[in-house]
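**Q** Sequence:
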Amino acid sequence: MSKRLKIAILSGTIPSTTFIEHLINGVAETHDVYLFGVLHKKVSYTSKHIQVFDTPKSTLKNLWVTGCRSLKLAVQAPSDFTALISEVRRHSGLYNQWVWFTKFLPIVLHKPDVIHLQWARDVAFYTIFKIRFGIPMVLSLRGAHINYTPIVEPRMAAVYKKQFPNIDAFHAVSQAIGREAEQYGADAAKITTIHSPIPDFFFQHFKLPVLGTRSDLHLVSVGRFHWVKGYEYAIQTVAQLKAQGIKVRYTIVGPESFTEAIAFQIHQLDLVDQVHLVAALPQEALIDLLHRCHMMLLPSLKEGIANVVLEAMAIGLPVISTNCGGMAEVIKPGKTGWLVPVRNPEAMMQAVLEVLHTPESQLHSITQQAHDFVKREFYAKDSIQQFVSLYEAVVG
Numbered sequence: 012m013s014k015r016l017k018i019a020i021l022s023g024t025i026p027s028t029t030f031i032e033h034l035i036n037g038v039a040e041t042h043d044v045y046l047f048g049v050l051h052k053k054v055s056y057t058s059k060h061i062q063v064f065d066t067p068k069s070t071l072k073n074l075w076v077t078g079c080r081s082l083k084l085a086v087q088a089p090s091d092f093t094a095l096i097s098e099v100r101r102h103s104g105l106y107n108q109w110v111w112f113t114k115f116l117p118i119v120l121h122k123p124d125v126i127h128l129q130w131a132r133d134v135a136f137y138t139i140f141k142i143r144f145g146i147p148m149v150l151s152l153r154g155a156h157i158n159y160t161p162i163v164e165p166r167m168a169a170v171y172k173k174q175f176p177n178i179d180a181f182h183a184v185s186q187a188i189g190r191e192a193e194q195y196g197a198d199a200a201k202i203t204t205i206h207s208p209i210p211d212f213f214f215q216h217f218k219l220p221v222l223g224t225r226s227d228l229h230l231v232s233v234g235r236f237h238w239v240k241g242y243e244y245a246i247q248t249v250a251q252l253k254a255q256g257i258k259v260r261y262t263i264v265g266p267e268s269f270t271e272a273i274a275f276q277i278h279q280l281d282l283v284d285q286v287h288l289v290a291a292l293p294q295e296a297l298i299d300l301l302h303r304c305h306m307m308l309l310p311s312l313k314e315g316i317a318n319v320v321l322e323a324m325a326i327g328l329p330v331i332s333t334n335c336g337g338m339a340e341v342i343k344p345g346k347t348g349w350l351v352p353v354r355n356p357e358a359m360m361q362a363v364l365e366v367l368h369t370p371e372s373q374l375h376s377i378t379q380q381a382h383d384f385v386k387r388e389f390y391a392k393d394s395i396q397q398f399v400s401l402y403e404a405v406v407g
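Position one of the sequence shown corresponds to residue 12 (this note's numbering), numbered consecutively onward.
Hints may contain errors.
[Claimed, not checked] Calculated pairs, DSS-like style, for lysine-lysine (alpha carbon to alpha carbon, straight line, at most 25 Å):
1. K17 x K53
2. K172 x K141
3. K114 x K173
[What the hints assert, rightly or not] DEER-style ranges, computed between Cβ atoms:
4. D299 x T93: 53 to 59 Å
5. V54 x Y106: 38 to 44 Å
6. T57 x L222: 39 to 45 Å
7. N107 x T224: 56 to 62 Å
8. T57 x K14: 20 to 26 Å
9. D227 x S372: 17 to 23 Å
10. K343 x V54: 34 to 40 Å
Worth flagging that the hints you see were computed from the coordinates, not collected in a lab. All residues carry an ideal CB built from backbone N, CA and C; glycine is no exception.
Sequences and hints are given; from them, build the entire structure.
**A** Dropping the structure here:
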């Protein structure tokens, strides 16, 4: 497609998460990217094809900006302005109506060719752009919003079943999560699996691993504290390793402090000297830390496909993951890593011991295969092209 499309990549905050920022920069190479939302910190994009239309946090500035935008829309497209007023009146209370008006206004004013909504739980708010304004919509299906949100919040299951038929195309981070979404009305024919793009940066830091020993074993996990991450099971694994006489250290990267439940568990199992927290790190510092570890543990109860695992595989760190969500699509036992049942500390401990006793040549072969697999299936430039093709197909 020779014409540059206007693609709205909608996540609600600017800047967004790392993988969404990679998507923004990648898509801007072939199409114009529009960003709408609240500017949480100053961001400067190098591409002239990325435009930010933020909703100011300052009340006075928001009044001025929204007033100017309203006047412009009323003059340029009075029917769209009337339709927008009608839609925001569906929300209860004047304050809520004002909030949604300021969010929706710049989208209606600049009317992109496609809206790519990043978070499924926001779908009820944004399908008006398809229904009322005729803008095609792509919805991403990621982790929590599909795996467990509609289970623990039944109202969201009802929302999905009502709104998913309005979506033109779905992007699923794994085949497994696409199948989950079908339960809530997503049309299988409209679901395209596109793996999260892993930038070249990680592949450039690939190193073959150095084996740990029973007297020096460093395990690591990366991610926020949330029950779905299953850290309590990894901590039980550490306790079992310690009981076997193994000198083990377990670092969790990301959280600022322990939850009460995790802190109590660590004290109860006498692991104060074994389990440590490291706050979120820049990419270079994170890779340096990962290279000083012997294995990554992913003890999650549910995942799409965990980006931290893909990044670990890209840099050469052996991975032990639970068989949850789409993880079996990337962790092939004996080929690209180790896969264990969910909620099974004993099985995870046995996997750690298996890695410890794996001959170095075999371990190097597994990590090399893992690196090659991720580079083949998750290379950023290939993933970006798949997104571009999806947008073009929806518009076409």
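**Q** Next, verify each hint and record whether it holds.
**A** Structure-based check of each hint:
no., hint, result
1, K17 x K53, "holds, 23 Å"
2, K172 x K141, "holds, 16 Å"
3, K114 x K173, "holds, 23 Å"
4, D299 x T93: 53 to 59 Å, "holds, 56 Å"
5, V54 x Y106: 38 to 44 Å, "violated, 28 Å"
6, T57 x L222: 39 to 45 Å, "holds, 42 Å"
7, N107 x T224: 56 to 62 Å, "holds, 59 Å"
8, T57 x K14: 20 to 26 Å, "holds, 23 Å"
9, D227 x S372: 17 to 23 Å, "holds, 21 Å"
10, K343 x V54: 34 to 40 Å, "holds, 38 Å"
Checked against the numbered hints given earlier, the structure breaks only hint 5 and satisfies all the rest.
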